[in-house]
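**Q** The chain contents come next:
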Amino acid sequence: MAIGLRRRDFLAAAGATVAGAALPWSPARAASTEIVWSTWNNLGLPDYIDPFTKETGIKVDQTYITTDDEQFARFKAGGAADVDVFVPGQWEMSRYIASNLVQPLDLRKIPNAAHMYPVFRDNALNKKDGIQYSLPYYWGINTIVYRADLMDEKPDWSVFFKGDKYKGKLAMRDYAVEGIMIAALYLGIPQTEIFSMDDRQLAECKKALIAEKALLRTYWTSIADLTNLFATGEVVCAFSWLPPYYDLTKRGIKMALSLPKEGVPSWCDVLAIPAGVEGERLEAAYKLVNYLLGPEYGLKLAYGGPYAQSTDLVRDKLPPEQQERIFIKDPAVMDSFVWPQIPRRYNEWVTMWNEVKAS
Amino acid sequence: MDGGRTFLAATVGPVLVALIVLCLAPLGVLLVVSFFRVDFVSIVPDPSLHNYAQVLSSGSYRYLIAKALMSGATIAAITAVIAYPVAFFIAKRIREVKAALLTALLIPLYTGDLVRIFAWRLILGREGVLNSFLIWTGAIDRPIETLLFSPTATTIVLVYNYLPFMVLGLWLSFETLDDHLFEAAADLGAGRTTILLRLVLPLTAPGLVAGALMVFALVVGDFITPQLIGGASGVTVISAIADLFGAAFDWPLGSAIAWTLLVAMVGVVAAVVVILGRTPWGSAAFGRG
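So the protein sequences, as listed, match chains A and B.
Per my numbering, the first sequence runs over residues 165 to 523.
Per my numbering, the second sequence runs over residues 908 to 1196.
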């Protein structure tokens, strides 16, 4: 998964507005051994969760997220009261914490958290004032995906900003945070400064992004759509999630990935417990969080997703090719991660992104 | 009399309440929020005109609003030109298969927006039906890139999507047009052009105006077609508003843009009404003169 708009739903942007009105979204709460998990629809398949229910007697009702933005808007409008465990993007934890929508976690009740890779364990986005509010759950990368049969060389970020060899054959995701972040990486702006860029740095990014626009075939909004654009040859190279790479490789098209040396945008979804969950439900929520970080669930996710957990509990149980597939064969890749986060001047970023697109 | 009033209240009352609750109240909330400001994750009720100043001082937002209005007006005009003879033909020249033709006209609306958009992708794409055909005929030797992901492509698909709304409005007007009027006008010596300009157009003006307003409003609000067909230039004011509401959590600025757009749309419609109202066609459409 990636940050923001992640499902194949072109209308999802409107969802946040609808959800903001706290419309009919109220899963039934019944026995105390039933908890509600707000999650993506591919993470709680019966096969994944049944062992947990069998072992603990806790029934897990699921409600599905359509977009990160929609989930946040829903929680802001009071929707958190119906949820016991949820899955936000790590990049947006700061706004859940600032909105007092999450509660601090007692790590003594989540023993599997002790097995987290350092890059996740130490990530400051899950903490405020040293208090842990969320735990990294599973993760991946978003990077340059390209048609190796239609490109002569392995591209890096510069392919989107200069030269015209692939003009009209490139695509960029229509999302301000990632779009501007990539321009900043290309321009060599230090990673520590990217999400708090000053006016001068933002202006540099804007200039680069306007140049980028002239080279693009389109901005993509749905990964299914981008997959089609790759398949038909409309687009030969894009900043992308990985499904087009997996799906089209399987269909015999020569696809490839490029991990630019300037940094690879990474994503991580986290587990959090809404403020107000208490008593037996809280205990059950902790058990679910611990299970989701554990080896039994991790093994299913490593093949089913395929996604890597934030813990190393299943790594050694996977054959090398599967480790490679979910980027845990060589943990050094984690050193190149760039973690998106809510920019300090987010609305100005979004305004600038719209200005670029309207230029 | 009292019975009549009770009946009126019982029938009109619920409609009025529904209209106020479902339509005007949300707009009222948007209007109020548009004067507030956002502080990271909080909407601060600190009224000011700051958001409106930001909208009006931003070249991009002004451009996007103007682009939406221009797009609405352009598509309304193109659909009117295409729909006029089609509606005339269906209403006045077809007897046997009228229902079938009208149904056929509506068939595109039975499919979803996305289905129609992807069908057009197949036609207009680099390796699409049209480019392949043109290459096969020898008319071109390389695919025309701008057939898809361009403003032209957006215009084609928008016209296709909203043509039925224009045809339906005009068809109703043509159906109510009494054929004897043509004969009377011809008997009095009016030529075809005179009949068209002084009789048919004024009498079908209500359908034309209704269709145009419907197409205009629908096109202004359509952000999916430009986004999926328009390529890198497919940004619309609606998608910008959606970004502000969804991603940036800047509901006040999003609301201010939405209200500016609404006022601009009402302004355009009012201007059309005033200008057309002074013409014989408009008098027929708006019931004056």
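These aren't lab readings, by the way, just hints derived from the structure by calculation.
Among the clues, some could well be false.
Straight-line distance between alpha carbons at most 20 Å, and here's what the computed EDC-like set of lysine to aspartate or glutamate pairs gives [what the hints assert, rightly or not]:
1. A:K377 to B:E1052
2. A:K331 to B:D946
3. B:K999 to B:D946
4. A:K451 to A:D211
5. A:K331 to B:E1052
6. B:K974 to A:E519
7. A:K273 to A:D328
8. A:K292 to B:D1085
9. A:K329 to B:E1003
10. A:K418 to B:D946
Far from chain B, some chain A residues (derived; all Cβ distances over 12 Å) [claimed, not checked]:
11. E234
12. A237
13. L271
14. K331
15. D338
16. V341
17. D363
18. E398
19. E444
20. V514
21. M516
22. W517
23. E519
24. A522
We put the beta carbon where it would ideally sit given N, CA and C, even for glycine.
**Q** Enumerate the violated hints, using their earlier numbering and listing them in ascending order.
**A** Those not satisfied are hints 2, 3, 7, 8, 9, 10, 11, 12, 14, 15, 16, 18, 20, 21, 22, 23, 24.
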